[in-house]
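> Those protein sequences? They're chains A and B, same order as listed.
When we follow UniProt numbering, the leftmost residue of the first sequence carries the number 1, and every step to the right adds one.
When we follow UniProt numbering, the leftmost residue of the second sequence carries the number 1, and every step to the right adds one.
These are computed hints drawn from the structure, not numbers from a lab.
Treat each hint with caution, since some may be false.
[Stated by the list, open to error] Restraint-style ranges between C-beta atoms, simulated for each label pair:
#, chain 1, residue 1, chain 2, residue 2, range
1, B, 199, A, 111, 51 to 57 Å
2, B, 17, A, 298, 40 to 46 Å
3, A, 550, B, 215, 30 to 36 Å
4, B, 156, A, 550, 24 to 30 Å
5, A, 306, B, 172, 37 to 43 Å
6, A, 274, B, 248, 34 to 40 Å
7, B, 63, A, 31, 33 to 39 Å
8, B, 248, A, 54, 41 to 47 Å
[To be verified] Stretch by stretch, here's where chain A covers chain B in the computed footprint (C-beta under 8 Å, at least three residues):
#, segment
9, 54–67
10, 70–83
11, 87–93
12, 106–113
Only a predicted model underlies this, so the values are computations on that prediction, with no experimental measurement involved.
Idealized CB from N, CA, C, for every residue including glycine.
What follows is each chain in one-letter form.
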Amino acid sequence: MAVELTAPTGPVRRVSARHFVRLKLRVMGNNFRGQGWRVALFLGGALLGLWFAGSGFFLFASPGLADTDRYATMVAAFGGGLVVLGWVLLPLIFFGVDETLDPARFALLPLPRRTLVTGLLTAALVSVPAIAVLLALLGLVFTAGVLGGWSAALVALVGVLLGVLLCVAAARAVTSAFASMLRSRRVRDLAAVLLAVAAALLGPLQLIGVSALQDTEWERLDGVSEVIGWTPLGAPWTAGIDLAEGRGWAAPVKLLISALTVLALLAWWSRSLESAMVGTASGGGTRAKGGPAGGAVSQLFPRAVGWARRDQFGALVAREARYWWRDARRRANLITIGVVGIFVPVLVNLGGSGFGTNSGQGFGQGAAEPSPVLVSLSMLFVGVVAAVTLANQFGFDGSAYAANVVAGVRGQQELRARMTAFSIYVVPMLGVVSIVIAVVLGRPGWIGLTAGSLVASYGAGLAVNCFVSILGAYALPETSNPFAMNSGGGVVKSFLTLLAMLVTAVAAVPMVVAAALLGDVWHWLALPVGVAYGLGAALLGAYLAGDVLDRRQPELLATVTPRR
Amino acid sequence: MTDEQTALCLRGLAKRFDGKVAVAGVDLDVPAGSFYGLLGPNGAGKTTTLSMAVGLLRPDAGQARVLGQDVWADPVRAKQLLGVMPDGVRLFDRLSGAELLAYHGLLRGMDPAVVDQRAAELLDVLALTEAGRTLVVDYSAGMKKKIGLACALLHGPRLLVLDEPFEAVDPVSAALIRDILTRYVGSGGTVVFSSHVMEVVERLCSHVAILAEGAIKRVGAIDEVRGKRSLEEVFVEVVGGRTATGEELAWLSN
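Please model the entire structure based on the sequences and the hints provided.
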């Protein structure tokens, strides 16, 4: 029977931004249903946001509170500029975009792109970070009001609202553009790695920036801040201040710059949105040809695992070792360890001397006496960071972990194999770190000290993270967007990571105490003691946590399986 | 019937998710050497039941035995006898097909030489050899099903539990999978699989169970269950579907 289709009858109601906001709130609400801990996490996140908002407010309001226009432009331009940069870069690197409303879900609905963009933008504004930033930057309105009266405050308010819009639009546009650029898996993997490098370098660069700032005179910054004030980074924030300081003609121009930037970003977003909505349906296609070399078993074992016996343990190690390289998320973590491992100790032990004393000792002249305690502490930090990578090791696998459950792999075996595979990459890196640090410090004799502390804290960290990875596992999203992160996941992640790091640090503190008390003898004892301590801790951890894993295998599988 | 003749025995398996009953006490006896179809509409609890039967999901109550071995009391021995292909579960898909098979084989404690030989044969029969070193993540849906089946078959299990083996599979691959499974049963193996495709079940199975709303509604040899009618009619009647009268959705024909 042929079905004749007619045009839809009845009035079609217009979809407005209000619907998107209500949809988002409903989705968030449903996520909370029956999950007390999620509500608690959300409240925690909200409080944290409020705290940031409060301190930010006082920072931006400080020129007003002090009733001086000396630093007003500088605070607005630099502070506001950093906020914008943070909004653009942080989602790419750390947190991922809140995918509560995933554009792909709207692909089939007959919505004009304009409606979709305004709707998604409005929905994105209803989030803890956006509200926190808005509250913080209202400090600028206060400053402008104190310095220039009502009119200035009004202009500042418009500027701040535009600025927050700009932040959100920029973050969406950039991630959306990236997501569609990163269609093929290979490009995506590569990009994730590059971003990880950039992210890992962010911290060190910031420290270098701070120490550079200490040497710079404030007057020179005035010029810089004025220039920033004319870019989209600073324009929305400085408009009100300009009016207050008597440059009335600048305010409308800056507001115009901000508004045009927002429009341009929205246009860009709306263009990339279309390809993001279509998704990665046609992804893949990179077909590696070439006949298999050797049998299946020899293909599984990478060269670095060639020593392993061809049994269950060997297979687990080989598969993990392959995964640390082939899974972009894991590889990015390895790179972070490398960068953090080199930069943090160097900065703490060389540049760090400037933190304690006054700025007399700059970066180059860090010839201050290196202290064994400080060195051990920084090494401990590196070991802790390296090991905490395993805090959600089962989450990396996701539902694929079912294969091990079905095969009935014993918990101890599983954990020991995972530690071994990870260590194949990390232990050489830690070796390089300890040598480099000892050489940079000009104390080659301290290699034992650096390596010993590193291995001890790394081993203790492996043990701690065995437990964390079993008891505190969470699912990572299996989505096409490499930056996606389930809402709330970021907070859980940081809580768990922090906890694991704290416990590990406590477990490895004896190494620092020994460095402080034992003096020179310790330089020779540190390596053997550290290795014994680390190895012992790791094996004990695997032994104890293995029992827990044996009892909890199906539950663990359920927690790392993403909900769909 | 003794334990030896029952390949899979479920007693009172039950599971709730967030207070909602997913499976409400399933009893099932799968005779050794049978080709057993578990039928049910979407959301009937097929995947939940099979997951509990093979040790992937802990039941709230009840027992599962594989050839007499209790899956939850003595998982290691039961799991040795089992080959499983779960649905909606990823494989370790950043390995190539051959690597994945080697991983599964060694995980099952097999001899490496045997793994090599069987993996090569399986890849060849399933027409996956030409994929070469392509990672499984880049396989098509049908290829993923086939490599999943190969992983489940590799260690020569006595019981094969397959969740939706024919979903998203093209007719050529489906025919291949059917042939392999028929041969496996012919040589004394037992297959339990879930599906909602009546034709496949009618063609392959010696026994069926119809699951709806978390409980077994009909069970037995296929001829007993369907009687003189078609399996589809029985299924729709049991599940409580409605037959169209032509009155509803009138606007469709305007």
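> All the hints need checking, so say for each whether the structure fits it.
Here's how the hints hold up against the structure:
Restraint check, residue 199 of chain B to residue 111 of chain A: a C-beta distance of roughly 39 Å breaks the suggested window 51 to 57 Å. Judged by the Cβ atoms, the range 40 to 46 Å given for residue 17 of chain B and residue 298 of chain A holds: they are separated by roughly 43 Å. For residue 550 of chain A and residue 215 of chain B, the hinted distance range of 30 to 36 Å is satisfied, since their beta carbons lie about 32 Å from each other. Remark: the range hint 24 to 30 Å for residue 156 of chain B to residue 550 of chain A is upheld by a beta-carbon distance near 26 Å.
Taking the beta carbon of each, residue 306 of chain A and residue 172 of chain B are about 39 Å apart, inside 37 to 43 Å as hinted. A beta carbon spacing of about 37 Å between residue 274 of chain A and residue 248 of chain B agrees with the range 34 to 40 Å that was offered as a hint. Taking 33 to 39 Å as the suggested C-beta distance range, the pair residue 63 of chain B and residue 31 of chain A conforms, at roughly 35 Å. In this structure the supplied range 41 to 47 Å is violated for residue 248 of chain B paired with residue 54 of chain A, their Cβ-Cβ distance being about 58 Å.
Figure legend: the segment 54–67 of chain B, annotated as covered by chain A; annotation consistent (5 residues with Cβ-Cβ distances under 8 Å, at least 3 required). With 5 residues having a beta carbon nearer than 8 Å to a beta carbon of chain A, the segment 70–83 of chain B meets the requirement of three or more and the stated coverage holds. Residues of the segment 87–93 of chain B lying with their CB closer than 8 Å to a CB of chain A number 6, which satisfies the three-residue condition for coverage. Three residues within the 8 Å Cβ limit are the bar, and the segment 106–113 of chain B against chain A gives 5, so the coverage statement holds.
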